[in-house]
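Let the sequences and hints guide you as you build the complete structure.
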Amino acid sequence: MTTGMLLVADGNNLAWAGFHALRRPMGADTPEKKARAALLGFTQSLLGIIIRGGEPPASRPIEAPPGTVAGAAVVFDEGRPLRRRAIFPGYQLGREGDPNFMDNEPFVLEAIAQFCEVASALPIAVLRGVNTEADDLMAAVVLQSTAPTVRIASTDRDFLQLVDERISVYAPVKRLIIDADNFAAAVSPSGSDAVVVPFPRERYLDYRAASGDASDNLPGIAGVGALTAARLLAAAPMEAYFREPSRATVALGRRNQKLEASLGSPQTHAQFERNRELMDLRAAAERFPDLTEYTRTGTWDEAAFREWVKAQRIAGLDVNAACRAMESLAAAVSA
Numbered sequence: 001m002t003t004g005m006l007l008v009a010d011g012n013n014l015a016w017a018g019f020h021a022l023r024r025p026m027g028a029d030t031p032e033k034k035a036r037a038a039l040l041g042f043t044q045s046l047l048g049i050i051i052r053g054g055e056p057p058a059s060r061p062i063e064a065p066p067g068t069v070a071g072a073a074v075v076f077d078e079g080r081p082l083r084r085r086a087i088f089p090g091y092q093l094g095r096e097g098d099p100n101f102m103d104n105e106p107f108v109l110e111a112i113a114q115f116c117e118v119a120s121a122l123p124i125a126v127l128r129g130v131n132t133e134a135d136d137l138m139a140a141v142v143l144q145s146t147a148p149t150v151r152i153a154s155t156d157r158d159f160l161q162l163v164d165e166r167i168s169v170y171a172p173v174k175r176l177i178i179d180a181d182n183f184a185a186a187v188s189p190s191g192s193d194a195v196v197v198p199f200p201r202e203r204y205l206d207y208r209a210a211s212g213d214a215s216d217n218l219p220g221i222a223g224v225g226a227l228t229a230a231r232l233l234a235a236a237p238m239e240a241y242f243r244e245p246s247r248a249t250v251a252l253g254r255r256n257q258k259l260e261a262s263l264g265s266p267q268t269h270a271q272f273e274r275n276r277e278l279m280d281l282r283a284a285a286e287r288f289p290d291l292t293e294y295t296r297t298g299t300w301d302e303a304a305f306r307e308w309v310k311a312q313r314i315a316g317l318d319v320n321a322a323c324r325a326m327e328s329l330a331a332a333v334s335a
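By the count of the numbering used here, the sequence shown reaches residue 335 at its end, each step adding exactly one.
Treat the hints with caution; some may be incorrect.
What the hints assert, rightly or not - Distance ranges between label pairs, derived from CB positions: (1) 101 <-> 66: 37 to 43 Å; (2) 27 <-> 62: 27 to 33 Å; (3) 302 <-> 191: 19 to 25 Å.
Derived by calculation from the structure, the hints in this document are not laboratory data.
Virtual Cβ for every residue (Gly too), placed ideally from N, Cα, C.
Written as structure tokens, this is what we have:
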């Protein structure tokens with residue numbers, strides 16, 4: 001693939017978002033209705049992104065020019081993140097202790113299974129690996145692609161470490177595209193004075209490892225939240241502070257003895273390195289040099305797709321626009 005954009009969608013991320021968006025409006029109070037809410041929410045979101053060429057929704061319906069999207073992949077988790085749990089047993093365990101997640105996971109997984117069936121009639125690639133996180137497969141797809149531009153669709157902030165002049169991230173909830181040009185303004189935290197504290201984009205992985213990720217049950221460095229991490233990284237990489245903890249005083253403009261003691265602790269350094277290893281998507285992608293066994297690519301079948309949409313009664317989808325987008329995508333993939 002040498003022309004056009006590659007779209008790579010975070011399947012579970014969009015499916016959960018779709019479930020939460022439609023569950024109450026649809027009055028989903030049975031297993032069947034809950035699975036349907038997840039399926040419709042996900043399908044409308046994914047196809048909408050493809051129709052718009054990876055752009056946020058506009059005030060009026062808008063379609064990407066034909067040929068804009070030259071490839072599309074949707075990637076799903078399957079099972080549990082065993083590789084990362086071998087490194088840190090507590091990884092993502094908070095989710096499995098959350099009744100809201102565990103009670104509803106079967107419905108979201110059923111929706112994903114149903115979508116994967118119809119995906120055989122769509123010109124998109126579906127990737128899954130048993131007990132493999134979608135993040136790793138997505139990173140491999142993105143980094144192996146030869147497309148001139150790649151857009152990731154996900155609210156997962158870990159993908160921001162991949163942003164560069166070629167790779168951008170579309171955050172569906174914020175309806176925002178984050179690229180190399182607006183990275184600092186879109187990602188950097190701000191203090192109580194509303195002043196943004198930017199740091200080099202190349203240090204984003206350090207930023208995440210230092211500040212932690214509660215959603216994955218990964219604690220950061222004690223005393224280092226998002227704002228402190230940004231201020232430290234604006235001045236130097238984190239390794240500089242582990243070598244010389246007193247540098248934090250210069251970076252922060254004040255002495256913080258507890259932080260300096262923490263930075264000087266071998267245990268803190270080990271925790272940071274563990275977080276970095278768990279979060280590093282470039283390193284994870286190297287584990288998947290060949291994605292063939294994880295990938296199924298459908299063949300565009302307009303009649304089958306229209307029949308499925310009619311059977312599912314997907315009222316929120318512009319079927320004609322979706323078909324035009326699929327025809328364009330199919331032509332680009334076969335070119």
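Do the Cβ positions of residue 302 and residue 191 conform to the proposed distance bound of 19 to 25 Å? Because 53 Å falls outside the window, the suggested range is violated.
Taking the CB of residue 101 and the CB of residue 66, does the distance hold inside 37 to 43 Å? holds, 40 Å
Quick check on a hinted range of 27 to 33 Å for residue 27 and residue 62, using CB atoms only. holds, 31 Å
Of the numbered hints listed earlier, the single one contradicted by the structure is hint 3.
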